[in-house]
Amino acid sequence: MNAKLTRRRFIKGVIFVGAAASSGAGFYLASAANRPAGGVERLITLNINGRSRRVDVMPQETLAHTLRYKLGLTGTKLGCNRGECGACTVLIDDVTNYACSTLTHMVKSRQVTTVEGLRAADGTLHPVQQAFIEELSPQCGFCTPGQIMATVSLLKSNPRPSRDEARKALSGNLCRCGAYDHYLNGVMRASGQLS
Amino acid sequence: MTYKLLGKNFTPPDIEAKVTGAARYAEDFRKEGMVFARLLTSPLPAGRIISIDTSEAEAMEGVVGILSTEDLPQAAPPANPPLASEHITYIGQPILAVAAITEEIAEAAIERIRIEFERRPFVTDPLDTLVEGGANPYPNGNTLIRNAGAAAAGTTASGTDVGEIKWSRDAINAFRAGREPAGANYGEEWEIGSVADGFANCSTIVEEPFVTIGQPHHALEPRTGMAYWENGRCYFHGSLQSHTIAVAPLAGMLGIDPANLVFINEYTGGGFGGKIFPYPIMAVTGHLARKINRPVQLRITREEEFYIGSARSGMQGWMKLGLKDDGTVGAVDMIVVGDAGSGGGASGGSAAEHVSLMLQPETMRFRGVTLYTNTTPRGAQRGPGQNEMAAVLAPIFDKAIRQAGLDRMEVRHMNAPISSDTVGPHHTELTSAFMPKAIEMGAELFNWNEKKARSGQRNGNKVTGIGIGMGFHPAGASGYDGLCRIGTDGKLYMHTGVGNLGTYSYASVTRVAAETLKVDWENCEIVRGNTDRHLPYSTYQAGSNTMFTEARTNHLAALDAIRKLKEIAAAELGGVADDYDIDGARVFATADNSRGMTYGEAAQAAINMGGEYSGETYPDNLNDVTKRAVEGLAGTGLIGVVKDSRHEGMPPSMAIGFMEIELDTQTGKYEIVDYSCVADCGTIVHPMGFRQSMNGGGVWGVGMSGYERHVYDRQNGLPANVGLYQARIPSYLDVPLTNNVGAVNEPDPQSPVGTRGVGEPAQGCAAAALTSAIADALDGHLFNRAPVTPDMILNHVAQNGFNTGDLKTNTF
Numbered sequence: 001m002n003a004k005l006t007r008r009r010f011i012k013g014v015i016f017v018g019a020a021a022s023s024g025a026g027f028y029l030a031s032a033a034n035r036p037a038g039g040v041e042r043l044i045t046l047n048i049n050g051r052s053r054r055v056d057v058m059p060q061e062t063l064a065h066t067l068r069y070k071l072g073l074t075g076t077k078l079g080c081n082r083g084e085c086g087a088c089t090v091l092i093d094d095v096t097n098y099a100c101s102t103l104t105h106m107v108k109s110r111q112v113t114t115v116e117g118l119r120a121a122d123g124t125l126h127p128v129q130q131a132f133i134e135e136l137s138p139q140c141g142f143c144t145p146g147q148i149m150a151t152v153s154l155l156k157s158n159p160r161p162s163r164d165e166a167r168k169a170l171s172g173n174l175c176r177c178g179a180y181d182h183y184l185n186g187v188m189r190a191s192g193q194l195s
Numbered sequence: 001m002t003y004k005l006l007g008k009n010f011t012p013p014d015i016e017a018k019v020t021g022a023a024r025y026a027e028d029f030r031k032e033g034m035v036f037a038r039l040l041t042s043p044l045p046a047g048r049i050i051s052i053d054t055s056e057a058e059a060m061e062g063v064v065g066i067l068s069t070e071d072l073p074q075a076a077p078p079a080n081p082p083l084a085s086e087h088i089t090y091i092g093q094p095i096l097a098v099a100a101i102t103e104e105i106a107e108a109a110i111e112r113i114r115i116e117f118e119r120r121p122f123v124t125d126p127l128d129t130l131v132e133g134g135a136n137p138y139p140n141g142n143t144l145i146r147n148a149g150a151a152a153a154g155t156t157a158s159g160t161d162v163g164e165i166k167w168s169r170d171a172i173n174a175f176r177a178g179r180e181p182a183g184a185n186y187g188e189e190w191e192i193g194s195v196a197d198g199f200a201n202c203s204t205i206v207e208e209p210f211v212t213i214g215q216p217h218h219a220l221e222p223r224t225g226m227a228y229w230e231n232g233r234c235y236f237h238g239s240l241q242s243h244t245i246a247v248a249p250l251a252g253m254l255g256i257d258p259a260n261l262v263f264i265n266e267y268t269g270g271g272f273g274g275k276i277f278p279y280p281i282m283a284v285t286g287h288l289a290r291k292i293n294r295p296v297q298l299r300i301t302r303e304e305e306f307y308i309g310s311a312r313s314g315m316q317g318w319m320k321l322g323l324k325d326d327g328t329v330g331a332v333d334m335i336v337v338g339d340a341g342s343g344g345g346a347s348g349g350s351a352a353e354h355v356s357l358m359l360q361p362e363t364m365r366f367r368g369v370t371l372y373t374n375t376t377p378r379g380a381q382r383g384p385g386q387n388e389m390a391a392v393l394a395p396i397f398d399k400a401i402r403q404a405g406l407d408r409m410e411v412r413h414m415n416a417p418i419s420s421d422t423v424g425p426h427h428t429e430l431t432s433a434f435m436p437k438a439i440e441m442g443a444e445l446f447n448w449n450e451k452k453a454r455s456g457q458r459n460g461n462k463v464t465g466i467g468i469g470m471g472f473h474p475a476g477a478s479g480y481d482g483l484c485r486i487g488t489d490g491k492l493y494m495h496t497g498v499g500n501l502g503t504y505s506y507a508s509v510t511r512v513a514a515e516t517l518k519v520d521w522e523n524c525e526i527v528r529g530n531t532d533r534h535l536p537y538s539t540y541q542a543g544s545n546t547m548f549t550e551a552r553t554n555h556l557a558a559l560d561a562i563r564k565l566k567e568i569a570a571a572e573l574g575g576v577a578d579d580y581d582i583d584g585a586r587v588f589a590t591a592d593n594s595r596g597m598t599y600g601e602a603a604q605a606a607i608n609m610g611g612e613y614s615g616e617t618y619p620d621n622l623n624d625v626t627k628r629a630v631e632g633l634a635g636t637g638l639i640g641v642v643k644d645s646r647h648e649g650m651p652p653s654m655a656i657g658f659m660e661i662e663l664d665t666q667t668g669k670y671e672i673v674d675y676s677c678v679a680d681c682g683t684i685v686h687p688m689g690f691r692q693s694m695n696g697g698g699v700w701g702v703g704m705s706g707y708e709r710h711v712y713d714r715q716n717g718l719p720a721n722v723g724l725y726q727a728r729i730p731s732y733l734d735v736p737l738t739n740n741v742g743a744v745n746e747p748d749p750q751s752p753v754g755t756r757g758v759g760e761p762a763q764g765c766a767a768a769a770l771t772s773a774i775a776d777a778l779d780g781h782l783f784n785r786a787p788v789t790p791d792m793i794l795n796h797v798a799q800n801g802f803n804t805g806d807l808k809t810n811t812f
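Protein sequence lines correspond, in order, to chains A and B.
Going by UniProt numbering, the first residue of the first sequence is number 1, and it counts up by one from there.
Going by UniProt numbering, the first residue of the second sequence is number 1, and it counts up by one from there.
Keep in mind that a hint or two might mislead.
Stated by the list, open to error - With the Cβ distance kept under 8 Å, some of the chain B side facing chain A (calculated, not the full set):
(1) E16
(2) K18
(3) I165
(4) E221
(5) T268
(6) G269
(7) T503
(8) N695
(9) G698
(10) V699
(11) H781
Stated by the list, open to error - Restricting the straight-line Cα-Cα distance to at most 27 Å, the calculated cross-link-like pairs of lysine-lysine (DSS-like) are:
(12) A:K168 / B:K4
(13) A:K168 / B:K518
(14) B:K518 / B:K4
If you're looking for bench data, these hints aren't it; they were derived computationally from the structure.
Ideal Cβ positions, reconstructed from N, Cα and C, are used throughout, including at glycine.
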């Protein structure tokens, strides 16, 4: 028996169950399963942080991959690449999405906002960014862009959330450092409920 | 003492980049010509490789190179090799690496590599190898042997070897049944006083088994390395929680002089003990880059983090604990069988240390065995040993206290360590301890006397549980180097090689130098993150160590700079050094403060004077890393540089946690209604940073006692929970909405500013408070394990008799 193949098949099976459950597949997952390497790319226009960006995108490429590796927007982090952690959270038409589980071709006519797009033109930090600094919200910082994007989205729909509403809204964003209390303080400060 | 900077909040200089996305972690770096590496990992829990055929992969377009065991020196077991061949000891173990122009191609190439394996017997439960006739995880044994002679002769990599230890079937059966195993032998054993005599003086004695299960670190940043070579130097972008202390070991992995390694690591996406020192796959990255002469990036997946990202060791144990009439702990006898996975160490000794310090038993015995299994390698994870012990100890201690008819808080208070107490078999002295005061403060913060009356109260399906737990970790070292520089611009440049785990302690400790030199924070700059920036030899950033250890080095470096400032002023302006003082970034005559120099002018004078003043000479006892740093800085300003001396005793960091839960007997779930914790960790230097550590540790405590665990299929050796979804870590919804945090704030006399770290005990006290609260909600029922999951609770409530007595581990 070729034990190696057995294991890989087993793990792939597990992965695809997880990918299906999270309504999308990671970059490796889709590409490894559906096509050989080096497939045809397509030139499309994306609206990223208010700018039109022309980029070559493979059919099964994830938005996280496009942002990080083709547009240099490395603020969007990949913690799991399978829709579990939320580190890759971006806004698509002001709604939070996991960029690792979103195909880039699906956002061609949408407004995509990443953490790099929050600062004002004069360099002023977004109120959520400023609040997160003041509340010492991040620890290691790897999940921070995702936490910020989730907060920005929350405050657009609910400008003065309760602490409980905030934690529910951010519950799709894991923080292994356990900085939840400080992130919630940041949400409260950004919404003008802490002084 | 009143400080200008210490004890006050500040904005760490690296935080803005974290909120803007500008912070660059290892995977965010690119280099022209960079290729991507992926790992081929073992599908077997135990075996060896007979043959590998890479021809088809190598012929693929885009494949650049392959690294295998033939390219690397092979360390003998139990060393964890970067790539394995002869000794495959766990599923997911790296076997070879493929570099290609894209990760996709590398992945596809791996699919085309053919390997012929030989299978070997394997084991996932330590007791299955400890029993006579049981399979061994390595061909030559199942336990760690320390071989001092071989280490001295350099014939083993680490002075360790694999040996064999077995217990009789009767001993294993007794141990599984929760009894002391007769005739068993141990790798480690010590006794304080006579436990037989101690138990004779006790009126209450409880005897319980316990199990704690290993769990992956799961730092959110999948570990990544990017390396390239230029002119014989290796430039390595890595992800470690320490920095300069890692230089020599990483250079050793790459077979180069440490002077030829440039290690760059400004941000690290979590470590928790799993990234203290260079890990084996870093060698793969560096060697592969050298072999193919191209920049190589190797990042592992979330799934691979489970396999090779390190993990906490597990414990299967037995404890007998006795209380005297007044609640004094008269005796503790404990046995720990530690699961060290396929490599690394178990933590039984550290677990016993927790008991020894926090209960201060009059007599105590510890016996321990470290066993290997064919599971993921183990390493340090946040308070290894101490914290999981805290989690299982708390309900056992509660049971004894209840049987004695005493108050759980008061018994902890009366046994809690103070400065004159000692710890462990060598009666190690403490630098200071004020744990009774922490318990008093915590009880008041939590309102213990009112809350304990709620114990067991029912509201429909929900029942209230009140818990109390203690955490501890040794929190300090010494003997590292401090380095600072005053530039001709008058600014203070504080060089640190301590690493950036995310707690901001790297910055907090440099404020000690600024405080000592009386420089405004706005005129200070922290220099870190890249060894080419001339960083000193600093401690590892782990084990609550940074605050105590690096406050000392920064203080000493600043004192050295002050000495030189005064000597320079005397040389330039007349008189002797003692005639001068400092303030406001000036050195001036005490008798006439108009006669003085700015720091910038003094720095220029230092350059003119040369010698030790500008770093052209330096103390011989500095670490080589620091010597190179000073040589790099020579002639650029006034240099303060000192090697710290050794402190005496153990600086203990301790914390008490109080928790109220509402446990739903229909779902087995619970909500944490209140969590209050107080730390005894010396002077608080950075209040918000302190809160961060306490809160983050609290979340980790909830994870340890409620969620996180390895699960292995005993039939095939397969891990069953390799992602964040399955190996669950706490989310926002699993922890309290707010925490109450306090500190004793009594200075430690062996820290120049009185501080100790607190990261580890913050987890232990929360983990213990939760298991204590769960037991309290269920009329004192003991699960005797961590984690306690809802299915266990439901089985108990349904009287299905969830069985902890057989010490099963790594199971659902």
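For each hint, the structure was consulted:
1. E16: holds (6 Å)
2. K18: holds (3 Å)
3. I165: I165 (chain B) check fails; min Cβ-Cβ to chain A is 30 Å, beyond 8 Å.
4. E221: holds (5 Å)
5. T268: holds (6 Å)
6. G269: holds (3 Å)
7. T503: Where the cut-off is 8 Å and the nearest Cβ of chain A is about 7 Å from T503 (chain B), the hint holds.
8. N695: holds (4 Å)
9. G698: holds (7 Å)
10. V699: It holds, given that the least Cβ distance between V699 (chain B) and chain A is near 3 Å, below 8 Å.
11. H781: violated (28 Å)
12. A:K168 / B:K4: Distance ~40 Å between K168 (chain A) and K4 (chain B) Cα, so the pair is violated.
13. A:K168 / B:K518: Given that 27 Å is the threshold and the Cα spacing comes to 45 Å, the pair is violated.
14. B:K518 / B:K4: holds (8 Å)
Taken one by one, the earlier hints fail for this structure at numbers 3, 11, 12 and 13, listed in ascending order.
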